[in-house]
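Enquirer: Here is what each chain is made of, one letter per residue.
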Amino acid sequence: MNAASGSVVMTAREAMRTAMSDAMRDDPRVFLMGEDVGEYGGCFAVSAGMLAEFGPERVRDTPLSESGFVGAGIGAAMAGMRPIVEIMTVNFSLLALDQIVNNAATLRHMSGGQLGVPIVIRMTTGGGRQLAAQHSHSLDGWYAHIPGIKVLAPATVEDFRWMLKPALADPDPVIIFEHGGLYAATGDVPTVDPGLPLDRAVVRRAGRDLAMITFGGTLPTCLAAADELATDGIDAEVIDLRSLRPLDDATILESVARTHRAVVVDEGWRSGGISGEIAARIMEQAFYELDAPVGRVCTLEVPLPYPRHLELAALPSVERIVGAARTTMEGGEFVGATASAAPGRTVPR
Amino acid sequence: MNRLDTDARMARLRDMVLMRRFEERCAQLYQQTKIRGFLHLYVGEEAIAAGICRQLRPGDAVVATYREHGHALMKGVPIGAVMAEMFGRVDGCSGGRGGSMHLFDAEHRFYGGNAIVAGGLPIAVGLGLADRMNGRDRVTACFFGEGAMAEGEFHESMNLAALWDLPVLFCCENNLYAMGTALGRSEAQTDLALRASGYGMPAWPVDGMDVEAVHAAAERAITHVRSGAGPAFLELRTFRFRAHSMYDPELYRTKEEVERWREHDPIDTLAARMTADGELDDDAIADLEAEADTAIDAAVEFADASPVEDVATLLRHVYAPDHRTEEVTA
Ligand SMILES: Cc1ncc(C[n+]2csc(CCOP(=O)(O)OP(=O)(O)O)c2C)c(N)n1
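If you read the sequences in order, they're chains F and C. Under this note's numbering, think of the first position of the first sequence as 695, with each following residue one higher. Under this note's numbering, think of the first position of the second sequence as 10, with each following residue one higher.
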């Protein structure tokens, strides 16, 4: 640790572990529950070592019963606990959707405000590891469709370290999507809570020419794309949304008002995705600021295939982001589904 | 009582040796990065696929999990197509799109390759339902781990199959650990056959390390299911000798426990029995191994020679070819 600067270098996985351990030391109501979080040390080694410190009551291994233990987390939260429920990956959260959407998201409203569900549900998300169609989903934006839950997507090690605390303090259900490709990332993390509000987007790279709006696993891809664009003299601003629900409209709009162009990058599919929501908000609130249509780079409309070259072609890439940014700079339109496909097939103005 | 004749014993030994050596090659190919993604090996559990799948008829169906290479081979999926699938090549049994966890072969009625725990069970129920509605004399064998028995989908599927008298054979491969979770930390009732019988179907435990015992149990269970009397459940007691997948520090079990189970290696067990009965000698074992290696070498060669798919066809297979929507034709 560097005491003088008050920061420490760690991996994202260590950052989340530190956050969970801190929370459990500080508050006896907090406990962790999920498949293989204890004895196995966590499927992605996020909770490694926590069983030894906190014991099996508070680092609670569950059977393969996603609907059951997520629902149990909801019940425990209603009864005064502060559960952190880990669903191994978003893919398996589909078995718990009923509990999340029909219970966690609605109980406060249905009960006329009598009940609250202060639960944190963490899950790994995303593709890119050749795990094929059933193990590569990016449904973060899909969850963000649901009023009553909050949806977070840490993209930096600092956020892996410091998002959990305010999430646990929140009186309502919070889902944290942790992109599997980020766990090994290292970063400098402040040792003291920076106190950043959960619903605030952050500009990770300032730029004048266009706003690149993204979150989670595609932030590093966007930063790399921005670097490449810079060599062409295009100065992209990169916005890390951090929260998908609520969305920080103000930060997006402020950037668009300066840059007059925007590209949204989302690892989810394009149709019905959060990228469309963001583009619509820009259109609704900043239409006259725009010098070009809002571009989108999303995963192509196909279940993710196993072969590496096909998977990479389906996922947002530096190349596709750079292509979309150039199209935006030229004022070009994105034709139909090609907006999310190969760059180049566009109609210049 | 369970004793098979010499030819049948030899055939099952050949099957198990093939599966074992196939997967050991897969592990090497994984290290060489020819195979990627998740790879779950069946090493130690081969007696189950050999004892059950080999008794199925070509028209019968198999539904399995991500740990399904052995079941695919035993159901007749060509070995080259299985290997090519693991390589992600166009000649793979799923055209390369699925990989190790998603082997499919409609012709051989091999319905996956399902990587969501318990996700295959309702599908097996549906296959059985269609057979029953069409009066077809077919059986669907559904394989899953004991970990799947904690899922709601297990409960719902067992109940549906029993309620509707469907021709489904539920085969629970109880290898005692679901990833790192020991049976006793997953199930309140660890007598799995007892639990299954609560759904109103015959259910009993079987020594899953003894291919002759598996064969005998499967024969009885398949006869029951095929007779139209409804589903049956087998708890096949077994052990996986290797890690859950290729990334697993195995903190949850001891080396001693693994070693104890290795003493019950299904291949060694049958080979020893056959040797004692004068049906097998060292040369014959070496021959079986060489035969397996020849087949595996050919499969690897086939997979290596198979082309990778052109990116231009990336958006295929989302809908039936003549029912594409505007969205997917881009
Ligand atoms: C619904 C669901 N939850 C979690 C997982 C992650 N996972 C894959 S295999 C596995 C263990 C399954 O154990 P078991 O059913 O006993 O089968 P085994 O792997 O031992 O053959 C887990 C937890 C998954 N694939 N699907």
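To be clear, the hints were calculated from the coordinates, so they are not data collected in a lab. Glycine residues also receive a C-beta, built at the ideal position from the N, C-alpha and C atoms. It is possible that part of the hints are untrue.
[Stated by the list, open to error] Sample of chain C residues facing chain F (criterion: CB under 7 Å; computed from the structure):
no.	residue
1	Leu138
2	Thr190
3	Ala295
4	Ile305
5	Asp306
6	Val327
[As the list claims (entries may be wrong)] Per the computed footprint, the stretches of chain C lying under chain F, defined by three or more beta-carbons under 8 Å from a beta-carbon of chain F, are:
no.	segment
7	50-61
8	118-126
Enquirer: For each hint, tell me whether it holds in the structure or not.
Expert: Hint by hint, here is what the structure shows:
no. : hint    : in the structure
1   : Leu138  : violated (22 Å)
2   : Thr190  : holds (6 Å)
3   : Ala295  : violated (36 Å)
4   : Ile305  : violated (21 Å)
5   : Asp306  : violated (23 Å)
6   : Val327  : holds (5 Å)
7   : 50-61   : violated (count 0)
8   : 118-126 : holds (count 4)
Consistency with the previously given hints fails for numbers 1, 3, 4, 5 and 7, ordered from lowest to highest.
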